[in-house]
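**Q** Numbering-wise (the numbering used here), the sequence shown opens with residue 1 and increments by one.
Keep in mind the hints are simulated off the structure, nothing from the lab. From a predicted model like this one, the values you see are computed outputs, not experimental measurements. The beta-carbon is built from N, C-alpha and C at its ideal position, and this holds for glycine as well. Just to be clear, a hint being listed does not mean it is correct.
[Claimed, not checked] Pairwise CB distance ranges, derived in the manner of DEER restraints:
| hint | residue 1 | residue 2 | range |
| --- | --- | --- | --- |
| 1 | ALA330 | GLN154 | 42 to 52 Å |
| 2 | ALA330 | GLU373 | 15 to 25 Å |
| 3 | ARG60 | GLN366 | 53 to 63 Å |
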Amino acid sequence: MGNAYLLNGDYIKAYEEFEDAVRLGLPGLNPHAALASMAGQGCIQFIRGRLYEAHDTFERVVNTCVRHTDSLMSTLSLAYAFQAEVLYEWNDLEGAERVVNEGLELGKAWGYVGVLAYSYARLSSIKQAQGESREALALLEQGIRVVEGFDMEQYKALMGARYARACLDIGRLDDARRWAETLEICDDLSSQYPRDVEYLTWIRVRIAEGRLDDADSVLARLLPCFEEAEAILSLVEGLCMRALLAQRQRDDKGAEQMLERALILGETGGLIRIFVDQGSDIHSLLRQMANEGQMSAYVNRLLAACCAGDVDENGLLSERELDVLRLIAAGRSNQHIAGDLVVALSTVKTHLNNIYAKLGVHSRTQAVARAKELMLL
Numbered sequence: 001m002g003n004a005y006l007l008n009g010d011y012i013k014a015y016e017e018f019e020d021a022v023r024l025g026l027p028g029l030n031p032h033a034a035l036a037s038m039a040g041q042g043c044i045q046f047i048r049g050r051l052y053e054a055h056d057t058f059e060r061v062v063n064t065c066v067r068h069t070d071s072l073m074s075t076l077s078l079a080y081a082f083q084a085e086v087l088y089e090w091n092d093l094e095g096a097e098r099v100v101n102e103g104l105e106l107g108k109a110w111g112y113v114g115v116l117a118y119s120y121a122r123l124s125s126i127k128q129a130q131g132e133s134r135e136a137l138a139l140l141e142q143g144i145r146v147v148e149g150f151d152m153e154q155y156k157a158l159m160g161a162r163y164a165r166a167c168l169d170i171g172r173l174d175d176a177r178r179w180a181e182t183l184e185i186c187d188d189l190s191s192q193y194p195r196d197v198e199y200l201t202w203i204r205v206r207i208a209e210g211r212l213d214d215a216d217s218v219l220a221r222l223l224p225c226f227e228e229a230e231a232i233l234s235l236v237e238g239l240c241m242r243a244l245l246a247q248r249q250r251d252d253k254g255a256e257q258m259l260e261r262a263l264i265l266g267e268t269g270g271l272i273r274i275f276v277d278q279g280s281d282i283h284s285l286l287r288q289m290a291n292e293g294q295m296s297a298y299v300n301r302l303l304a305a306c307c308a309g310d311v312d313e314n315g316l317l318s319e320r321e322l323d324v325l326r327l328i329a330a331g332r333s334n335q336h337i338a339g340d341l342v343v344a345l346s347t348v349k350t351h352l353n354n355i356y357a358k359l360g361v362h363s364r365t366q367a368v369a370r371a372k373e374l375m376l377l
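Could you build the full structure based on these sequences and the hints that come with them?
**A** Written out as structure tokens, the structure reads:
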């Protein structure tokens, strides 16, 4: 019953069912069912943003499974796959890569399609975070081919959405747009199999296209569903996108309010990558909040993680900062740059200050000259 509730997005009832199964099975009557249910509990803890609890749960499952025979290896593969999710979210890329590869090998041996889908998707995002975009896409393509061999539409849909997101991250908007055109947005979002990744990716594509009203309309319907289901990770990502929408609509105060809500939810579980992976516009908002002293310890921790990956090929400027730099070189004013990039004027000023600091300069003229020396222009 736990899996049935999980597939319907009723995480509260699913957790209760898994809890009952663990209690009944652990005395020795059915250890396989008990450990599989315990892994299910860990999945729900992760979805609900309780990452420290989830990590402890998966550790317990792993430690128990490795002491038993091969009969528990399928459960072990699931535990590894979601343990990697936790480690990735905490920005432990090396640990996540090690664990996800262990889960992937077991998943291949057992033909566990769910483990295969999540493992390929997570391994791809690890490579993307490490700056290996080509390998990240290749892993998703491999995962798509593997999942196509199973009659499991939800995992095929998941991999398609992950691929579209990866394309968007490297600037292949046309590929992401083609995927978005194939996705049907249901009238009743709360009654569907949890399709958070698909819908959030669709919204992200629409924001990138500048179709802000379309994105806002669907996001406004999704956020209450996430709250009701206590799907905290999806809620945090949705709030980040609501902040991006507010920023594009020149509502700086609204953007900060949405991001602050996301940060309050994220801090409890120590979420990191969910903010880092949002891109340079969210990073700029985080810098603004840090300058204002809001949630300084947590925000500074996030900014440190952002700085580790938010750079150009030469290790200096983010992609958005390079956009601003090119417009500066073209003689555009701050106001014109804000219009060109569809961002708030304050965001442009933040980018400009970051450019000056990274290049060690104090004016537009110096920034352009220094950028030419470094072959950034």
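**Q** Which earlier hints can't be squared with this structure?
**A** none
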